[in-house]
Amino acid sequence: DGGITQSPKYLFRKEGQNVTLSCEQNLNHDAMYWYRQDPGQGLRLIYYSQIVNDFQKGDIAEGYSVSREKKESFPLTVTSAQKNPTAFYLCASTGSQYSNQPQHFGDGTRLSIL
Amino acid sequence: AQSVTQLDSHVSVSEGTPVLLRCNYSSSYSPSLFWYVQHPNKGLQLLLKYTSAATLVKGINGFEAEFKKSETSFHLTKPSAHMSDAAEYFCVVILRDNYGQNFVFGPGTRLSVLP
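Quick note, the sequences are listed as chains A and B, same order. Mapped onto the working numbering, the consecutive letters of the first sequence carry residue numbers 1 to 114. Mapped onto the working numbering, the consecutive letters of the second sequence carry residue numbers 1 to 115.
These are calculated hints, taken from the structure and not from any lab test. This structure is a prediction, so every number in the text was calculated from the model and none was measured. We treat Cβ as the ideally placed atom computed from N, Cα and C, and that holds for glycine. Misleading hints may appear alongside valid ones.
Label pairs and their computed distance ranges (CB to CB) [claimed, not checked]:
| no. | chain 1 | residue 1 | chain 2 | residue 2 | range |
| --- | --- | --- | --- | --- | --- |
| 1 | A | GLN56 | B | SER3 | 14 to 24 Å |
| 2 | B | HIS82 | A | ASP38 | 23 to 33 Å |
| 3 | B | PRO79 | A | ARG110 | 28 to 38 Å |
| 4 | B | SER84 | A | GLY2 | 23 to 33 Å |
| 5 | A | ASN18 | B | SER84 | 31 to 41 Å |
| 6 | B | ALA54 | A | THR86 | 37 to 47 Å |
| 7 | A | ASN84 | B | SER14 | 33 to 43 Å |
EDC-like mimics (lysine to aspartate or glutamate), calculated; alpha carbons at most 16 Å apart, straight line [stated by the list, open to error]:
| no. | chain 1 | residue 1 | chain 2 | residue 2 |
| --- | --- | --- | --- | --- |
| 8 | A | LYS83 | A | GLU62 |
| 9 | B | LYS49 | B | GLU64 |
| 10 | A | LYS70 | A | GLU24 |
| 11 | B | LYS68 | A | GLU24 |
| 12 | A | LYS9 | A | ASP107 |
| 13 | B | LYS42 | A | GLU62 |
Hey, can you work out the whole structure from these sequences and the hints?
Here you go:
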């Protein structure tokens, strides 16, 4: 079955450490997104990519970085510059730049500070 | 500018009674609208979508929503709530810019179902 796989499900970060969250999709989608969700709150856009080798900052990109070297993969790095990284991170994808179709979501990665 | 408002942060219903979750949007053109459900520690699952076809949209698990342009609303309903419906629900509208499309999320409505 096609879908989005996020790993790991749980991740712990030490002070001053960078960590990378994985997002892989086998839906042949061009567009991919990263969101942050804090307890009891909605989703906030971190980064998005409409095509391989291109990505754009979202509303809260500071302290995060991404790459899009392959269509299937859109990893998110939470850098040490992100002072409050504890949150639930969700990856999503959709068909193309103007597909007008809904996003598909992974099951998320919960990041906590040690 | 486009935005999405979910008028209730929390709705509580008894099992077997109707569910109404409200969503209003602001858009300068005919929007594409979606409802998603999120169970604890899970991703978002699509319930239904409106993309300028029929105004009454049927989704999964007995949910449906009606697009009313005059009221700029897209309320989610279900005739009879089930315990498994307890979750967070998000209304979403597509925003388009020079780089493509992005999705504007409402703040969410938490649905509780009482036995």
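A quick look at each hint next to the structure:
1. A:GLN56 to B:SER3: 14 to 24 Å: 20 Å, holds
2. B:HIS82 to A:ASP38: 23 to 33 Å: 28 Å, holds
3. B:PRO79 to A:ARG110: 28 to 38 Å: For PRO79 of chain B and ARG110 of chain A the Cβ distance comes to about 35 Å; the hint holds.
4. B:SER84 to A:GLY2: 23 to 33 Å: For SER84 of chain B and GLY2 of chain A the Cβ distance comes to about 25 Å; the hint holds.
5. A:ASN18 to B:SER84: 31 to 41 Å: 39 Å, holds
6. B:ALA54 to A:THR86: 37 to 47 Å: Holds, since ALA54 of chain B and THR86 of chain A (Cβ atoms, about 43 Å apart) stay within the stated range.
7. A:ASN84 to B:SER14: 33 to 43 Å: 39 Å, holds
8. A:LYS83 to A:GLU62: 10 Å, holds
9. B:LYS49 to B:GLU64: Since the Cα atoms of LYS49 of chain B and GLU64 of chain B sit roughly 9 Å apart, the hinted pair holds (cutoff 16 Å).
10. A:LYS70 to A:GLU24: 10 Å, holds
11. B:LYS68 to A:GLU24: Measuring from Cα to Cα gives roughly 37 Å; hence the hint is violated.
12. A:LYS9 to A:ASP107: 8 Å, holds
13. B:LYS42 to A:GLU62: 25 Å, violated
Checked against the numbered hints listed earlier, the structure breaks hints 11 and 13; every other hint is satisfied.
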